[in-house]
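Engineer: Each chain, written out:
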Amino acid sequence: MSELLRVENLSVAFRTRGGIVRALETVSFSIARGETVALVGESGSGKSVTAYAAMGILDPAGQVTGGRIVFDGIDLTEASEREIEDLRGREMSMIFQNPRAALNPIRRIGTQIADVLLRHGNIRRADAPAEAVRLLAQVGIPDPARRSRAYPFELSGGMCQRVMIAIALACAPSLLIADEPTTGLDVTTQAVAMDLVRDLARERQMATLLITHDLALASEYCDRVVVMHAGHVVESGPVAELLAAPRHPYTARLLAATPRPGIALGDLAAIPGELPDLRRAAAGVCRFAGRCDRRRDDCAGSLPPIPPGPLHDAACWNPL
Amino acid sequence: MTALLDVINLQKIYPVGGGGKARGQLHAVDDVSFSIAPGETVGLVGESGCGKSTLVRLLARLHDPTAGAIHFGDTDLAGMKARGFARRPERAAIQMVFQDAGESINPRYTAFEAIAAPLRRLRGLRGTALQQRVEELADATGIPRALLGRFPHQLSGGQKARVGIARAIAVEPRLLILDEPTAALDVSVQVVILKLLMDLRQRLGLSYLFVSHDINVVRLICDRVIVMYLGKIVEQGPTAEVLGRPAHPYTRALLSAVPELTLEPPGPRPRLGGEPRSPINPDPKVCRFFGRCPDGRPACADSMPRLSPVGPGHLAACHFA
Amino acid sequence: MNETLRHVRHVLTENPVTLGAAGLFVFFVLAALLGPSLAPYDPFASDAARALQPPSLRHWFGTDALGRDIFSRVLVATRLDMAIAVSSVILAFAFGTLAGLAAGFLGGATDQAIGRLVDTIMAFPLFVLAMGIVAALGNTVTNIVLATAIINFPLYVRVARAETAQRKSAGFIEAARLSGDGETAILFGQLLPNILPIMMVQASLTMGYAILNAAGLSFIGLGVRPPTPEWGIMVAEGAGLMISGEWWVALFPGLVLMLAVFCFNLLGDALRDIVDPRRRS
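Residue numbers (the working numbering), protein chains in the order written: chain E, 1 to 320; chain C, 1 to 321; chain H, 1 to 281.
Since the hints were made in silico from the structure, they are not lab data. Hints are not guaranteed to be accurate.
[Stated by the list, open to error] Partner residues are not named here, just some residues of chain E that face chain C (Cβ under 10 Å, in silico):
(1) Glu42
(2) Ser48
(3) Ala79
(4) Asp195
(5) Leu217
(6) Ala264
(7) Ala269
(8) Trp317
(9) Pro319
[Said to hold, decoys possible] Coverage of chain H stretches by chain C, computed from C-beta distances (three or more under 8 Å per stretch; other residues unrestricted):
(10) 12–18
(11) 159–172
(12) 189–202
We treat Cβ as the ideally placed atom computed from N, Cα and C, and that holds for glycine.
Make the full structure from the sequences, and use the hints.
Structural biologist: Here you go:
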């Protein structure tokens, strides 16, 4: 499998009133063509920032301070705005957490899909509406011809997410970034939407980066998992291996806190402590050390980050 | 054991459609009956729009039901108007913890003020007595006293959840309604809050009605489970029974949709396609799940299935359960 | 308290324009309070020999057609213009907020009735409506205040209604009900304090509009009558002289009027940052 996206030592800082927040520090991971990778972490872990940086849609207050994002051989940190804009939508697409908010409320959904097709795809204006209906049918919307004339408010949350998926897939991208795509949806709807993304990805050899806080969701749908904590990648590896034998103490803790069948409340353990203040965190040092029960003296030393790649690796001086 | 709460044929219908004349009737909660024993934790699950939010707001006496009875101890609360309920002695006995802890605290209140509000109103506490009780509650729910002066936006999600819990237990309720109290929290914080809730239940002898969409959490803490679909209870029974041997096709679909922390890729699982029927003017003869149900048969459109026993304490509303 | 002060200082110093507006505000308040005793000349004393003198060291803003010192007149007029604006804003604020609160909270017939009243007022060109009210009720300062309050009233109702409706089913309102708050306590103890900051921002923003409106009425000859020093009248008196080259007679009162409107609009924006607890930290 050839590499499609390679994020290498990516650092992102946000300028805020309270000081500079080093939201990401030397984040590295890669996705091969057709592969599904989960970026897992709790709130504040930097998983969404990573995706936004990769898409080049970072908030103006945020700035890439180091590292490279290489997509299909093109370094996005060096590329012009025009080149990135061209890639975005055509080669890389994104679906968001709140699908209704991401759709234009006063345009018919068929028109919104056609807009994307006309902007990025090689399609004649006259063919766009029919193609939009075909895409709606492909994402499993019943009666697509009629629904293409509907406005977002006339559709349920699950339907809106399918429309978003249709828009994201309109130009057959080679990478789909899904940022908590099913948070806020019911589990039954979530299952259908995730099945859909998985099936379409398989069919088109599309790579998927699933950003989620839900380890169980990641384990069901992904080939590999990248675990983030406080702006660092702490562990990455094939999903079965990582879940069966986590090597970073944070991953182990996260697993131990996740409710699942056969485990009683008494057996679950919280992760002690809180996220470190990223305005004051020392550069290049393990950010979990303050909460870690496996901490040793050498944990204060600078941490070798995980190189991008498919191997199971943990950024820890004292791994499990 | 006599029930703490006994809900009988509770119904809430909202008129819909413009102008003065209502064109439709939205059956948000339709003919719902169940009970909660003292000290029991009952889970309430169902998808958004199934009426679980409306149901708990009827029970918390924030909204008035259209019909039915809510027996709480010896009194029927359904007859009391929500408008005047704040002045009734029963007000303190039923309290609620909200899903969005941040939004449920007045942005202009400090944590102290938020916890003190019910104590002032319902217990008449002032001065040092109030101060003492708030600090006691802060200790019981694990809020550092130094944080009591903070506004909600200065607190973390877990801290806000604790303030919401401290406020709800302040006036020593007998029934605590938990409306997805951990839905917005990270798993590591969720564990702490769930343990706190279980600990409080034991110490204070509370009964819980726990609304959740997370089956894995319901499994952890609930004695019994109620499954709702489109305003109706489709299945209820002991947690192990309902989750282990689901009798209603909707419950089965719900369970099979829950992602599992698995090491091997899961096999194909039945998925629930389609959309729920409209809750406006539903045909009283047709099963609410008909049309979406993988096992639907003509009989399902002829008569509405009633909740009937399928096991010890286990009821399901399906002709073919 | 200390934190509040620090926040106020932060908002003021973050943006130099805001600091400038705050400085202007202090100036206007001082002028309104002390104007008559600070004025170098009697604002009413005419002196034909000194008519229409251009600005000089003796007469900073020059003199008008009757030889009165324009600087003194502008300074003294501050009190009257501010008094009209402040009283009309207080009136509109009080009644508009209450009406909007009731409409948003009670809904139904109350909402309909208040909504119709507001629509009726808004159906008129507002300045023409103000002219009509003053013309009908009589040419007094009280009636200018009343007219200005009436045309500002709908703005307060609409903002208060929208803000109330948006919050009335919020979680913290439900929580207050569970805490034993009755309807009155919800309305005045929960909703009102939460919309007040927004209403105060609105007040500051309409303050400039009220000043402009009062001056406008005087400009067309309604309301305050000469020889009372008032910015609108002074601009009116100077307007005809612009053509003959005596630009200072209209310019300086006009400039001060503009600065006052500007000042309150900017302060409204700063106030929004100060009162919103979420913008702190």
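Engineer: Next step is simple, just say for each hint if it's right about the structure.
Structural biologist: Quick rundown of the hints versus the structure:
1. Interface hint at Glu42 (chain E): satisfied, since its Cβ lies 4 Å from the closest Cβ of chain C, which is below the 10 Å cut-off.
2. Restraint check, Ser48 (chain E) versus chain C: the minimum CB separation of about 14 Å is more than 10 Å; hint violated.
3. Using the Cβ-Cβ criterion of 10 Å, the hint placing Ala79 (chain E) at the interface with chain C is not satisfied: the shortest such distance is roughly 35 Å.
4. Because the closest C-beta pair between Asp195 (chain E) and chain C is about 6 Å apart, less than 10 Å, the hint holds.
5. Below 10 Å, beta-carbon pairs count as interface contacts, and Leu217 (chain E) has one with chain C at about 4 Å; its hint therefore holds.
6. Nearest Cβ of chain C to the Cβ of Ala264 (chain E): about 7 Å, under the 10 Å cut. The hint holds.
7. A distance limit of 10 Å between C-beta atoms decides the matter here; for Ala269 (chain E) the minimum to chain C is near 7 Å, and the interface restraint holds.
8. Among the interface hints, the one on Trp317 (chain E) is violated; its C-beta lies about 22 Å from the nearest C-beta in chain C, farther than the 10 Å criterion.
9. The criterion of a C-beta within 10 Å of any C-beta in chain C is not met by Pro319 (chain E), whose closest approach is roughly 20 Å, and the hint is violated.
10. Counting residues of the stretch 12–18 of chain H whose CB lies closer than 8 Å to any CB of chain C gives 0, which falls below the minimum of 3, so the coverage claim is violated.
11. Given as covered by chain C, the stretch 159–172 of chain H passes the check, having 3 residues with a CB less than 8 Å from a CB of that chain where 3 are the minimum.
12. Evaluation of the coverage hint for the stretch 189–202 of chain H: fulfilled, as 3 residues show C-beta separations to chain C shorter than 8 Å, against a requirement of three.
Of the numbered hints listed earlier, those contradicted by the structure are 2, 3, 8, 9, 10.
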